[in-house]
Amino acid sequence: MKQGDESLAARSLSREIYEEAGALPTEVRFMEVCGTHTMAIHEAGLKSLLPENIKLVSGPGCPVCVTEKSFIDEAILIGKEYDACLVTFGDLVRVPGSFGSLASYRAEGGSIRVVYSPLDAIAAAEEALGRPTVFLGVGFETTIPTIAATLKTALGKGVDNLFVVSAFKTIHPPLKILAAKDDLDGFLLPGHVSAILGSNCFEYLPRDFHKAGVVAGFEGLDILQALRDLVRMVARKSPHIANDYKRVVRSEGNPTARALIDEVFAPCDASWRGLGVIPGSGLVPKGPYSRFDASVHLPVDVPPAEDDPRCRCAAILMGSRTPDTCGLFGRECTPEYPVGPCMVSSEGTCAAYYKYGAV
Amino acid sequence: MCLAIPMELIEITGEGTGKVNAGGIRTDVSLMMIPHAKVGDYLIIHAGFGIEILDREEARIRLDLFKEIAEATRHLEET
Ligand code: SF4
Chain A
90 MKQGDESLAA
100 RSLSREIYEE
110 AGALPTEVRF
120 MEVCGTHTMA
130 IHEAGLKSLL
140 PENIKLVSGP
150 GCPVCVTEKS
160 FIDEAILIGK
170 EYDACLVTFG
180 DLVRVPGSFG
190 SLASYRAEGG
200 SIRVVYSPLD
210 AIAAAEEALG
220 RPTVFLGVGF
230 ETTIPTIAAT
240 LKTALGKGVD
250 NLFVVSAFKT
260 IHPPLKILAA
270 KDDLDGFLLP
280 GHVSAILGSN
290 CFEYLPRDFH
300 KAGVVAGFEG
310 LDILQALRDL
320 VRMVARKSPH
330 IANDYKRVVR
340 SEGNPTARAL
350 IDEVFAPCDA
360 SWRGLGVIPG
370 SGLVPKGPYS
380 RFDASVHLPV
390 DVPPAEDDPR
400 CRCAAILMGS
410 RTPDTCGLFG
420 RECTPEYPVG
430 PCMVSSEGTC
440 AAYYKYGAV
Chain B
104 MCLAIPMELI
114 EITGEGTGKV
124 NAGGIRTDVS
134 LMMIPHAKVG
144 DYLIIHAGFG
154 IEILDREEAR
164 IRLDLFKEIA
174 EATRHLEET
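So the sequences go chain by chain: A and B.
For the first sequence, the working numbering gives the first residue as 90, with consecutive numbering after it.
For the second sequence, the working numbering gives the first residue as 104, with consecutive numbering after it.
Treat the hints as calculated values from the structure; they're not laboratory data.
Glycine included, C-beta positions come from ideal geometry on N, C-alpha and C.
Incorrect hints may have been included.
[Claimed, not checked] Covered stretches of chain A (chain B as the covering partner; in silico rule of three or more C-beta atoms under 8 Å from a C-beta of chain B):
#1 203 to 216
#2 334 to 343
#3 378 to 386
[To be verified] Derived DSSO-like pairs: lysine-lysine, alpha-carbon spacing no greater than 30 Å straight-line:
#4 A/K335 with B/K170
#5 A/K136 with B/K170
#6 A/K136 with A/K444
#7 B/K122 with A/K169
Build the full structure now, drawing on both the sequences and the hints.
Here it is, written out as structure tokens:
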């Protein structure tokens, strides 16, 4: 594109959104399900290109934000009781548990290894020479097949000191709960979760809930285009599923990745921070892969964890509130000293509001 | 969490593994999820895995569309 083309295209899309929205009698609210979209929207300053009556709220698609405090507690307890080496993605390290974070546990001498790819956990396990090596498994359908592939590789290699604590989450169960809410009109659907699941898998949104959904890429123009399509569907009362990220997302998704998930994991109930237990929304290793299940092979007693009752993350993850309405925001709760998970994750809504300002 | 920048597959290094390049940065990736990837394909990478191959035709259609919108807007704003 020529210089300036991008801002011209952005202005044009914004104008279209204004025109469509002008015909709407009321406010409409769209949820961006994915944390990476939340960050992209703030980074590109997109909210300033939208009319008053179009509101964007963040959803539960930030893996760290929906991970229970007790998960951190369980990890640290496993580390202590079994002298295990904990292997994790970087964004979990600072999440506060009930008795400290992984970072503070490391400062006390605990063994933590931060990896970029779960495959590095295999190398870590091999280097650990028999010492239990425990991968902290969080993430949605984009990440889950990478863990499945890792466990499959580990099984093939006969690695027997690798374990995984499973706090994986699947997107459909909470999305169905959110779709039933009257105060949400449509969804900006997660680009890379859709790359795995396919754009077809969201058909239940218009069919069962009369809600619109658009699969979007991560550039400013991608998101604006998707928002234009969402507003249009609402204005014309024809909610359906559109795929505005066709360069990456196929209608049928990535069947190889899904086959990996199905081979390694079975669904289970999962507890979402702030939202509670959602039936069938988690995954545990099954069959020959259950040998990697830390909850079976490295059991610990995890005391129930309490969240700060003043933290509003639950309502924020449901799209019912914005961070600026939380009394702790920017005062007691900052990225430096996070109280709740929406502040600790760089993709969390509170962190985004803090970094870019509420708009 | 998600890296949206596609990286070019420059080498198949073994069964289900390859090397990608983006702006001079080279890294190893697993191709277990995209076994059909070929050298020269642009890949979406997540946590060390190629999760999908960029569809170049669709990428071109998108660029053309935005160029067209920009052109039309330029005309509109100049007149
Ligand atoms: S600002 Fe902090 S305490 Fe308030 S909702 Fe966000 S994470 Fe929770």
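Status of the hints after comparison with the structure:
1. Using a Cβ-Cβ cut-off of 8 Å, 5 residues of the segment 203 to 216 of chain A lie near chain B, which meets the minimum of three, so the contact claim holds.
2. Counting residues of the segment 334 to 343 of chain A whose CB falls under 8 Å from any CB of chain B gives 6; the rule of at least 3 is met.
3. Given as covered by chain B, the segment 378 to 386 of chain A fails the check, having 0 residues with a CB less than 8 Å from a CB of that chain where 3 are the minimum.
4. A threshold of 30 Å between alpha carbons decides the hint, and for A/K335 with B/K170 the separation of about 17 Å falls inside it, so the pair holds.
5. Taking the CA atoms of A/K136 and B/K170, the gap is about 23 Å. The hint holds against a cut of 30 Å.
6. With a CA separation close to 15 Å, the supplied pair A/K136 and A/K444 stays within the 30 Å bound.
7. Of the pairs offered as hints, the one joining B/K122 and A/K169 is violated, with about 38 Å between alpha carbons and a cut-off of 30 Å exceeded.
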